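Given chain A, put chain B in place with the hints provided.
For the record, the sequence lines run as chains A and B.
The working numbering applies: residue 1 is where the first sequence begins, and numbers increase by one.
The working numbering applies: residue 1 is where the second sequence begins, and numbers increase by one.
Since the hints were derived computationally from the structure, they do not count as laboratory data.
Bear in mind the structure is a predicted one, so any value in this text is a computation, not a measurement.
Just so you know, not all the hints are guaranteed correct.
The list treats identical chains as one, so a pair stands whether inside a single copy or across any two.
What the hints assert, rightly or not - Below are the DSSO-like pairs computed for lysine-lysine, each with C-alpha atoms no more than 27 Å apart in a straight line:
id, residue 1, residue 2
1, K143, K267
2, K250, K237
3, K388, K156
4, K306, K66
5, K339, K66
6, K15, K267
7, K12, K339
8, K73, K237
9, K388, K267
10, K270, K15
11, K81, K156
There are 2 protein chains.
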Amino acid sequence: MFTEEEYQERLKRTKERMDVEGIEVLLVTNPSNMNYLTGYDAWSFYVHQMVIVILEQDQPIWIGRKQDANAAKYTTWLDSKHIAFYTDEYVHSRTRHPMDYIAAYLTKIGVGNRVIGVEMENYYFTAKAFEQLKKGLAHAVFKDVTLLVNYLRMIKSDKEIRYMKNAATIAERAMQTAINTIAEGVRENDVVAAIYQTQISGTLEFGGDYPAIVPLLPSGEKTSAPHITWSDVTYKKNQTVIIELAGCYKRYHAPLARTVTVGFPTKEVKDLAEVVIEGINETLLAIQPGMTCEEVEAVWSQSIAKYGFMKDSRLGYSTGLSYPPDWGEHTASIRKGDKTILQPNMAFHLIPGIWYDDYGVEISESFYVTDTGCEAFADFPRQLFIKK
Amino acid sequence: MFTEEEYQERLKRTKERMDVEGIEVLLVTNPSNMNYLTGYDAWSFYVHQMVIVILEQDQPIWIGRKQDANAAKYTTWLDSKHIAFYTDEYVHSRTRHPMDYIAAYLTKIGVGNRVIGVEMENYYFTAKAFEQLKKGLAHAVFKDVTLLVNYLRMIKSDKEIRYMKNAATIAERAMQTAINTIAEGVRENDVVAAIYQTQISGTLEFGGDYPAIVPLLPSGEKTSAPHITWSDVTYKKNQTVIIELAGCYKRYHAPLARTVTVGFPTKEVKDLAEVVIEGINETLLAIQPGMTCEEVEAVWSQSIAKYGFMKDSRLGYSTGLSYPPDWGEHTASIRKGDKTILQPNMAFHLIPGIWYDDYGVEISESFYVTDTGCEAFADFPRQLFIKK
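Isolated chain A, as found in the complex (with noise of 0.2 Å):
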């Protein structure tokens, strides 16, 4: 997917933290930083597998299932000696772990005593993993490591944000498609249907990838619960429905959110919709590089002050490259406190809303930044929708 140049390039970058770090030898489970430093893409992150990078040699080594193999060879830049695997008896077995397997491993390579960095906090680097990890692998010494490579993946290439704007024309087009499909009486389950279809077919010029996350889209007194997935129940006139979606593009994500109305909306919403959009614009327009994430996040709590509101939770976060179950790089976070500074070709999702018991308003922007502001990835209209 990308040239074997920036591959060496990401790599480079990476021995480099290691080097600062003291880190001999890394292991990389996140499937997105597994992606990001060899080009692996599978749907195999539910058995264990994970990248070697060692410091003194030219390429890193995947190791997996025996059947992902073939997928490292059709996916990866390494060649045939830089790919390993277990057999199918580690799989989902009670008496072998496939990590015994892949200390054996390290120790036959000569690797298995040195200053080993592992992602602590990573959802495929299980408590369990880690413990027979240790078990066999008595000398060696463990880091925890878990932002090493997702600090590395902040900074998008140029090609990277290509694949960015490609999500976001599907973004658009899945968020078109939702819009249009919502109505009283519609089942919420055949408004995805819609949004699915419109996020995997693309346009006539790419196809689309599976976004990390589904899309969502609560209504009425859920929009409080925001992770509720979808029913099969209808959609009643007077509910506010807050759609939250990504399109993908060669695991590349471009999240947007916007919030429709069944019928015409009250005073409150609306009212409540323009506090959002002004907000949202004002932080738009205020951010340049070398700001902070946390006065970013002033820019919008103050323009929402005005109108006597306050709002606890993040207002965005970093993304990019994911795999399920997040679109979220872990990384920097809009929330006070966070004195991460923006630098060019930094990408972030900005989600702004204000919800009451049983309302909410949500309008998002994905956005990456320039030389002198930022550029949103979309091009949808920031408004409230109603559906008559």
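Chain B in isolation, oriented as in the chain A frame:
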């Protein structure tokens, strides 16, 4: 979704197992197990959350992120005193960890120094989560009970079997859509878009939920890399395509796989399909309660051995209620060495296949064990499909 009586019965069986294992407090972090015990259902497993079962208490406690506490209120049978939460400062923070909060909570309610069971091998219980929990609860004794609740889930209630039948109805439709759509010159992603549309729209009577794995449909040489996801390249004449998908109804799955050829198959593919079909038919006919999983595998092995074939990966696995990234239950596997005894209302995905380097044939069924044999959930022709 289920009656409070059914949840109470599940809780009772859980406590019986806890008692046997010497566990006083069980921390359930597997989303499927959380759902099984409480009904909790939301796409919130990308942040730390759990259900706490305390041996002497009537209700479990749900604990998670503040904005998901409303989802717990809407989807579980728990009263509001049994729903606790941490604030957004703990989300993806480098200075605070949700397990710090949860450790303090367990201490506060007086169980922080007990024998605590944890699911060590669960995607959402990270190495870091366990470290923080141990730090916060220095006087607790931890025991690994990864599959304690998973094993209880193996034997389905009649209502769960009905849910899986609904899922199978959706799987049949999605498979028919896939077969109708695949053709020379059609992009892989457009086939997946149509599959998703069908999976989520479901039927007029009930809608579809998101399956725990995306549709997989490798073709040509990629059939030997079964977890590679789709691209936007087009299907070519004479390619063999293996389609693996599931229908999902209220988180219950019925997976199904079939093989399609674009254009007339070669004699080799036709012959291979006959071997696989004979093998799966003989295996399904032989299944009886009282047999072991490895005895089921032996039926298949003997069937294909007549034609000189051997298959070294798993033939199947227990399935049902699940969340991404896997619809397997991680308990019984249909393979050599697994001595699990089949009992009525156990459910499996039987997925036999034979692969060469550049093509393969796979034809699967999800089935449940009955009093006298087994029944396939789906009713879909067990054949090689030819798209002329």
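What are the numbers of the hints the structure violates, in ascending order? The structure conflicts with hints 1, 3, 6, 10, 11, although it agrees with all the remaining ones.
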